[in-house]
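Sequence order for the protein chains is Z and G. First residue of the first sequence? That's -16 in the numbering used here, and the numbers climb one at a time after it. First residue of the second sequence? That's 131 in the numbering used here, and the numbers climb one at a time after it.
Keep in mind that the hints were calculated from the coordinates and are not lab data. Hints should not be assumed to be uniformly reliable.
What the hints assert, rightly or not - Coverage of chain G stretches by chain Z, computed from C-beta distances (three or more under 8 angstroms per stretch; other residues unrestricted):
| id | region |
| --- | --- |
| 1 | 300 to 308 |
| 2 | 383 to 393 |
| 3 | 644 to 656 |
Said to hold, decoys possible - Distance windows between CB atoms, simulated:
| id | chain 1 | residue 1 | chain 2 | residue 2 | range |
| --- | --- | --- | --- | --- | --- |
| 4 | Z | -1 | G | 571 | 28 to 36 angstroms |
| 5 | G | 550 | Z | 546 | 27 to 35 angstroms |
| 6 | G | 442 | Z | 198 | 19 to 27 angstroms |
| 7 | G | 182 | Z | 109 | 23 to 31 angstroms |
| 8 | Z | 198 | G | 571 | 20 to 28 angstroms |
| 9 | Z | 49 | G | 421 | 48 to 56 angstroms |
| 10 | G | 495 | Z | -4 | 51 to 59 angstroms |
| 11 | G | 623 | Z | 381 | 30 to 38 angstroms |
| 12 | G | 421 | Z | -8 | 42 to 50 angstroms |
No residue lacks a Cβ here, since even glycine has one placed at the ideal position from N, Cα and C.
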Amino acid sequence: MKLLWPYIRQMRAHIGWVVLGSLLGLLTLLASIGLLTLSGWFITATSLAGVAVSFNFFTPGAGVRGFAILRTLGRYGERLATHEATFRLIARLRTWFYQRMEPLRPARLNAIGSAELLNRLIADIGALDNLYLRILSPTLIALCVVALVCGFLYLYSGSLALIALCGYLAAGLLVPLLGYWLGSEKGAEQARTQARLRTRMVTLIQGMADLRIYGGMARAQAQIDQAQHAFLDTQAQMGRVSALVNSLMLLVVGGTLVAVLVEGVSLVQAQQLQAIELAFLLFCVLASFEAVISLPLAYQYLGKTRESAARLAVVAEKEAERLFPEQGAEPIRPGTIRFEAVEFAYGRHSRALDNVSFNIEPGEKVLVLGHSGSGKSSLINLLVRFWDPDSGSIELGGRPIASYNEEVLRGQVSVMGQPVQLFAGTIRDNLKIGRDSASDEEMLDLLERLRLTQALDGQGLDYQVGEAGSRLSGGQRKRLALARALLREAPILLLDEPTEGLDPQTEQAVLELILHYRADQTVLLISHHAAALAYFDSTILMDRGQVLEQGSIKRLLEDPGSRISQLKSL
Amino acid sequence: MVLQAGQLAGVISGIVSGGEMSQYRSAFALLLLAILLRAALGYLREWSGVRASLGVRRRMRTELLAKLDRLGPGYCHSRQTGDLSTLLLEQVEALDGYFSRYLPQMWLSVTLPLLILLFILPLNWAVALIFLLTAPLVPLFMALVGMKAAAANRRNFQALANISAYFLDLVQGVATLKLFQRSRGEARVLGQVSEAFRLRTMEVLRLAFLSSAVLEFFASVSIALTAVYLGFSFLGELSFGAWQGPITLYQALFILLLAPEFYLPLRELGTHYHAKQEAMAASERLKALLDETEHAVKGGDLVLEPGPVEIEFRDLGLTYPGREQPVLKGLNLRLAAGERVAIRGPSGAGKSSLMNLLLGFYPLNKGELLVNRRPLAQLERDGWLQAIAWVSQQTTLFAGTLRDNLTLARADASDEELMQACVDAHVVEFLDRLPAGLDTEVGETGHGLSGGQIQRIALARAFLKDAPLLLLDEPTANLDAQSESLVLDALARLSQGRTVLILTHREAAQLNADRVLELVDGDLVAVESGRVS
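Make a model of the complete structure from these sequences and hints.
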């Protein structure tokens, strides 16, 4: 229950619908019981009254009709209200979950995997609809109905009330408990196997080309088959449990009726109860079982709901490490970057940065050179605080980066990372992420200068880029991401391999654009080939997490012993 | 059930008219028997429904996967992954309600009421008439409401597919959105999207509930009508209906107990009707996928003989579906066996499309593609792909260990061969820095590995495969100059005796090629050797 508590708390926002739904449910059930009880009484009474006696049949007749209509309307209203409450709750939970997920560091989310997160946002949150619709509300209604009916029976006979109570307990408590006990493990298993099936299918869909060529298709399909088998298997087991529970319920209902009847008959014979009373009490008991009949199934799926809740909790209950102070400082000298003896490792094994120190002045254009895996990309990860260094200090705009709140920190840098991430939608949608106020002319001008325009089939900014930009080639995706980063107004521009995958002519045009688009912007460009050296003011040469050489490119090139001049002459 | 009701009614009416307890012992026994029988049969009925539905869904999903396989990577690329995964998971699951509950219930709702009618008709024709008249109204109204509900349901599924595509985008892009200070604002958009979905769902549900309300109404009204009729008969106000003599209390109670049972199957059908609508809407979308025209080149049955491969493009043309401009127009090229040809061109000129054609992922619009002088379409597809080793710009790693990802290329590779491939592709350099070496788990997007490292793993895979045709799509894109030269050196060794097609923009890579061509405006232009420096 503790696990489910956060979700129950979320209900407060929609308490009106929640209460209305349950009240209508109660009303419907009572009307239903009333209908059968009154009908039973009416018939028995009239048959005993016989032909000659004058009998007030209008009141009960009207009552029967009234209950019938009340039941119909009540059921309709109840369903609308409960589902309204449920879906409002689900919509709210999705936003809530996202808000809890958003502050987490990307590295943590990556460890979960996007297919898995998708499953949590859709299936797991959807599974929580059980909580109110099938568990909380019916339980409350059942409690009320059982109390009322038992009270009503007690007016006539204590022993009958006791028998009925036993029946309700068996149907509403024992059988559900059995269902829960049998179903919880499998329900949890079902949620897990479903998630696994989804992950495997997403991998197959996204990686089909690779699988085809390397003949892994059969293996991937076999893996899916296996996951599907496990998933359907848990469903079959669940199906068996629910069939068992349902037939047990029939037994309990039947058994209770027989017991009431046996006891009733002996009461009638002992003259403690009128036969006519027995008849309508029996109808009353029969009808009232409707209150508990849905409970076992609900509790059987409680395990599944709990599992979903637990999986959501893994993300939602991670205390977002208090990365950023509420009230942050403002930068003193916008555009400066300073690393001082920075040590950093992603895990325990590899050291990504080893005693790295450098200083970048506002407006400086810096090329960071190094092999893949030499720690270049770690510089960006640290500057945007997706990670924090193990030791040493990093300053941005003249202050330690930890002193800024998230807004001020993000406002200082515009980043184009690796791999680039685009979003389904038009070119315009993607560029507006960079700056909402960017005009069409400005965007088109950028696309033109990046030589992207002719690739867009003449549709310009309205061209649909497809999922994650899949309707663009690798080089086009890079340039679009670059345009997005250029549009954003920030004193510092951080670029990770922006010219990768471009032919030399385009590369040249792109570099010119980067360095001149905003003249006073500090540019830190990461690359692994030295061709671009001539365009930049200074360079940082890195290898295995260490800075080998840094400084003004002009000065380094004049020194024939420097590694930069050796690289250049290669 | 009828037995249960009959015995119950018998006992009550007996008691009411003042009988002895002992008289009813056999009735009680029968009553208990009826209850047991009902429970056992109920179990069997439910279980067989579940079994049938499981079988259907398993076959359906397998069929859909096979279809996706035939449609090929080209098709999967053009659809949103989130959308496709919902189709395969949720929408196949949506068939469950129809097969496990609606279909059996359909039978029950026809046979059970008829059976009950058979019992009631001999007792009282007036009640039978009430039942008979109200029962057909139920399916009629249900169908009327149902038709509207089906359309609403279809829209609802579209909304669900959109919502999951949006979510996948959001989840994959959250880091980027953060950098652009957009990630918090997305919470609002997410709220709107969910809200729109809620409105859609409620629209469907309102209709579904209306149909069950109609059912409920008829059931309630006719039970009330029956009760009132019976009461009036006893009072002598009404004297028609019974075949002979006045109605006995036994008959009246029997009828009243059966009345709810008469409508129960129909009412249950009503609750499952929603499930049916859902299944219908889902199956339409599933069918749409199954009916999708297969663009991927269908394989023939010619087996490619082992040994060198020669390739010829004749007047090759390609236009992507839904686009007007052709990517390739009338391209001619002959790759002799063992020849190394590099094709360069500006990004987006169609180099990758050329590869996709050669791999059979896209159909040819125009021209011919010959492999060893036979049209590609006539070759057996798997055998053809067996003959190709491929390294692309973006490599997908699969959940599993590094070893799993490598042995995709050759399942029976020994540890020595694996290590040799790792040495050749310069994977060894970072191999010992991985926590468990070859047995390190690499995730969905190869987390923990840099782009360059993933690319080197892809190269190692190509080394392992040892195929006569080598396709390289900007394979050195993520390698630095130093390791690039090492890889090119290894590639040169690997290229011995193989036909190689390299797509690249880099000069260094082209130096290892026998011929360099440039892709301009959808056609190939030879680059004079003097211009290659």
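- Task: Hint by hint, work out which the structure violates, then give me just those numbers in ascending order.
- Result: Those not satisfied are hints 3, 4 and 11.
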